[in-house]
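Visitor: Next come the chains, spelled out residue by residue.
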Amino acid sequence: MEFNKELDARGLNCPLPILRTKKALAEMASGEILKVLATDPGSVKDMQAFAKQTGNDLVNSAEAGGEYTFFMKKK
Amino acid sequence: METKKLAMIATKGTLDWAYPPFILASTAAALGYEVQIFFTFYGLQMVRKDLSGLKISPLGNPGMPMKMPFGPKWFKGINWNIPNAVQGVIPGFESFATSLMKMTIANNGVATIPELRSLCQEADVKFIACQMTVELFGFSHSDFIDGLEFGGAATFFEFAGESDICLFI
Numbered sequence: 070m071e072f073n074k075e076l077d078a079r080g081l082n083c084p085l086p087i088l089r090t091k092k093a094l095a096e097m098a099s100g101e102i103l104k105v106l107a108t109d110p111g112s113v114k115d116m117q118a119f120a121k122q123t124g125n126d127l128v129n130s131a132e133a134g135g136e137y138t139f140f141m142k143k144k
Numbered sequence: 008m009e010t011k012k013l014a015m016i017a018t019k020g021t022l023d024w025a026y027p028p029f030i031l032a033s034t035a036a037a038l039g040y041e042v043q044i045f046f047t048f049y050g051l052q053m054v055r056k057d058l059s060g061l062k063i064s065p066l067g068n069p070g071m072p073m074k075m076p077f078g079p080k081w082f083k084g085i086n087w088n089i090p091n092a093v094q095g096v097i098p099g100f101e102s103f104a105t106s107l108m109k110m111t112i113a114n115n116g117v118a119t120i121p122e123l124r125s126l127c128q129e130a131d132v133k134f135i136a137c138q139m140t141v142e143l144f145g146f147s148h149s150d151f152i153d154g155l156e157f158g159g160a161a162t163f164f165e166f167a168g169e170s171d172i173c174l175f176i
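Protein chains in written order, with the working numbering: chain P, 70 to 144; chain X, 8 to 176.
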């Protein structure tokens, strides 16, 4: 999947993946896509909750070998 | 959509209990909340320039696992059940437990308190220190970080009365 920016949040625990995601999105333009890599299992629910509450669109998410990938489209 | 508001009272002065207010405040701010924290009694330790007062104590805390943050996996898995009476007579036991906890925090990719506190400040979380307890404990305003406001219970209610979520921690 294509993306405009990548954020490596691997090894970070709650709430850092969300805070870094928020910060990365702030520097992007509307409609652009942020790819986030994380290892925190809690980030799966948290990314969904973040998207729902902020209006950004979680367009895709996947898990492979304990690593999570999220694609967040900026509102 | 109207901005949601989160009001918190932070009353605890230990390293472990410094986490919930700062984690919730920074996350709420990231979700677009307007956040205010009122620091009172021991919670004042969280907004001092010097954070070395924040320690963790396994003494009288049966819920706290005592595990070592280093060594092989089997060793890390041992829960050191040290009796309170023994903990109480070892000088520096709290400082020792605190440094072990800080290692565990770093090993788990958990943010430090100074880091979370500055993330809150960057996100415009408003910090208010209770003037009454500042005086009660013999602190002066210069002991605290910049950007802190000093006020009393009425100041807290001004914001809390209009908040969507209100927590006492």
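Since the hints were made in silico from the structure, they are not lab data. Please note that the accuracy of each hint is not assured.
As the list claims (entries may be wrong) - Distance condition first, Cα-Cα at most 20 Å in a straight line; then the derived PhoX-like pairs of lysine-lysine:
(1) P:K121 with X:K83
(2) P:K144 with X:K83
(3) P:K143 with P:K92
(4) X:K83 with X:K56
(5) P:K143 with P:K104
(6) X:K11 with P:K121
(7) X:K133 with X:K62
(8) X:K133 with P:K92
(9) P:K104 with P:K114
(10) X:K62 with X:K19
(11) P:K143 with P:K121
(12) P:K74 with P:K144
Visitor: X:K62 and X:K19: Cα distance at most 20 Å?
Guide: holds (11 Å)
Visitor: When you check the alpha-carbon spacing of X:K133 and P:K92, does it fall within 20 Å?
Guide: Holds - the C-alpha atoms of P:K92 and X:K133 are around 19 Å apart, at most 20 Å.
Visitor: For P:K143 and P:K104, compute the direct alpha-carbon distance and say whether it is at most 20 Å.
Guide: holds (11 Å)
Visitor: Keeping to a limit of 20 Å between CA atoms, is the pair of X:K11 and P:K121 held or broken?
Guide: The given pair, whose Cα atoms are some 14 Å apart, holds under the 20 Å limit.
Visitor: Tell me if the straight-line CA distance from P:K74 to P:K144 falls inside 20 Å.
Guide: holds (15 Å)
Visitor: Between X:K83 and X:K56, is the straight-line Cα distance small enough, at 20 Å or below?
Guide: violated (33 Å)
Visitor: Is P:K104 close enough to P:K114, meaning Cα to Cα at most 20 Å?
Guide: holds (16 Å)
Visitor: Please verify whether P:K121 and X:K83 have alpha carbons no more than 20 Å apart.
Guide: With a Cα-Cα distance of about 38 Å, the restraint between P:K121 and X:K83 is violated, given a limit of 20 Å.
Visitor: Given the hinted pair P:K144 and X:K83, is their Cα-Cα distance within 20 Å?
Guide: violated (44 Å)
Visitor: Do the alpha carbons of P:K143 and P:K121 lie within 20 Å of each other, as the hint requires?
Guide: This hinted pair holds, its Cα atoms lying about 12 Å apart.
Visitor: Going straight from one Cα to the other, do P:K143 and P:K92 come out at no more than 20 Å?
Guide: Holds, at roughly 12 Å.
Visitor: Hint check: X:K133 vs X:K62, CA-CA at most 20 Å. Holds or violated?
Guide: Roughly 24 Å separates the two Cα atoms, so the pair is violated.
Going through the hint list in order, the structure does not satisfy hints 1, 2, 4, 7.
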